[in-house]
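S.K.: What follows is each chain in one-letter form.
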Amino acid sequence: MSYQLDFSGLLPYLPELAKGLLTTAELTVYSTFAGILLGTAGAAGRISNKAWLRWLISAYVEVIRNTPFIVQLFFIFFGLPALGLKLSAWQAGCLAMVINLGAYLTEIIRAGIEATPKGQWEAGKTLGLSHWHIFSRIVLPTAIQRIYPALVSQCIIVMLGSAVVSQISVEELTFSANFIQSRNFLSFESYLVTALIYLLLAIAMRQLFELSARRLFKNPVL
Amino acid sequence: MMQFTDWDILRNLLLAARWTILLSLVAFASGGLVALMLTFMRISNNPVLAALVKGYVELFQGTPLLMQLFIIFFGLSLIGLDVSAWTAAIIGLTLFTSAFLCEIWRGCIESLPKGHWEAARTLGLSFFQTMRYIILPQALKVAIAPTVGFSVQVVKGTALTSIIGFVELTKAGTMLNNATFQPFKVFALVAVLYFLLCFPLSLYSKHLEKKLNVTG
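Respectively, the protein sequence lines represent chains A and B.
Residues 18 to 239 (the numbering used here) make up the first sequence, in order.
Residues 457 to 672 (the numbering used here) make up the second sequence, in order.
If you are wondering where the hints come from, they were derived from the structure by calculation, not from laboratory data.
Given the structure is predicted, the values throughout are model-derived calculations rather than measurements.
Each hint should be verified, as a subset may be incorrect.
Said to hold, decoys possible - With a straight-line Cα cutoff of 30 Å, these simulated BS3-like cross-link-like pairs (lysine-lysine) come out:
hint : chain 1 : residue 1 : chain 2 : residue 2
1    : B       : K570      : B       : K667
2    : B       : K597      : B       : K510
3    : B       : K667      : A       : K135
4    : B       : K662      : A       : K135
As the list claims (entries may be wrong) - A few chain B residues that face chain A, going by a derived Cβ cut-off under 8 Å, partial list only:
hint : residue
5    : L515
6    : L522
7    : F526
8    : L534
9    : I535
10   : V608
11   : K612
12   : L616
13   : T626
14   : F640
15   : A647
16   : Y650
To be verified - Far from chain B, by Cβ distances over 10 Å, these chain A residues were calculated:
hint : residue
17   : L39
18   : G62
19   : S105
20   : G129
21   : R200
No residue lacks a Cβ here, since even glycine has one placed at the ideal position from N, Cα and C.
Use the sequences and the hints to build the structure in full.
M.R.: Right under this line is the structure:
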């Protein structure tokens, strides 16, 4: 059997793809920012001297890192309403992405903090800075800079993972692809083009992060 | 209408978990084999082969696993092959696994000092002899912890095959949820089962990392 690929059949659906792309980008932007905040808070809690807090955060990190994203998503979207927490599909998808990214970034940022030489804490103390000041002004910025490549990769992984959010009918890029192929029956072409868009999105994200790194980190640390 | 007791739910999930385990094992083993060939090609002196593998890795690392599964599932049927969800899942996860393992292993091999290659060359060893007797034994030691760590990603990746209709743990979870309307319980159980599969692997990987750091 021979089959002619027909990409022109996708043309009428370009607005659909654009709409999906926009939603994916939106989800990614929100979850990246919130995820970095959550990861930073988690890492700060991981090094606190309260044992229960450290234990709680490592339980969170391990549970998220050892279960599939799709199960987390289903649990939040289908399971949580049983507890009275009703979320829209978009909210559930975004929340799942934030929680997922937060767990990985907690671990990544903690590694960066632990790699910071002890002398920096001591120097800060000698200068009379408070614990919080040392953490937020000295340790955290250098830690982030140190683990930046891992952070970027993780954010991209979560962006790619957002394809799964289509399963709770959030109308993002994969949802658009599903919709288009259900209309024109060009499933292979639709998914191929969509995969290509994801690839470009991943490349664009990396570029964007690199660009911001140049502005953020003026003094490179070793 | 059939009534599901808690035991029925758990029993059905456990039965489905067998498929998750089997799929993970097959995908990891075949992905490892493909990755081994790819790694050899990647570090070979042939720039075309190396570039091809690099592109392959970037393609699979830069697109969602779900898209890869869809493309394989629909693409193979286009060229006239009638693929089951199981076949598509195996092929998709194998390619996905091979791309990531290839990248991990390349990193391990390149972390070895260049002097080892040069010394082997001076001794007149061929590429494969160098690999077999000098590089691989050392790289293997570095590679084992991240490889075990990646196996967790494979197990979690199998969850996505539920979307192309393969009945494993996640699919069984959604089916049971549709039958029982107890999403909280069902998905919590599904998550617990995945955790029981993945957490020991994570711990083992961490343990290996520590052990090898001390000795190496």
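S.K.: Please go over all the hints and tell whether each is borne out by the structure.
M.R.: Outcome of the hint check:
1. B:K570 - B:K667: 25 Å, holds
2. B:K597 - B:K510: 24 Å, holds
3. B:K667 - A:K135: At roughly 24 Å apart (the allowed maximum being 30 Å), A:K135 and B:K667 satisfy the hint.
4. B:K662 - A:K135: 24 Å, holds
5. L515: Status holds, d = 7 Å.
6. L522: 4 Å, holds
7. F526: 4 Å, holds
8. L534: 5 Å, holds
9. I535: 7 Å, holds
10. V608: 7 Å, holds
11. K612: 4 Å, holds
12. L616: Constraint on B:L616 satisfied, holds at 6 Å.
13. T626: Check passed: Cβ of B:T626 comes within 6 Å of chain A, closer than 8 Å.
14. F640: Constraint on B:F640 satisfied, holds at 4 Å.
15. A647: 5 Å, holds
16. Y650: Given a least distance of 5 Å, the restraint on B:Y650 holds.
17. L39: 17 Å, holds
18. G62: About 20 Å separates A:G62 from the closest Cβ of chain B, which puts it past 10 Å; holds.
19. S105: 16 Å, holds
20. G129: 17 Å, holds
21. R200: At about 15 Å from chain B, A:R200 clears the 10 Å cut-off, so the statement holds.
Checked against the numbered hints above, the structure breaks none of them.
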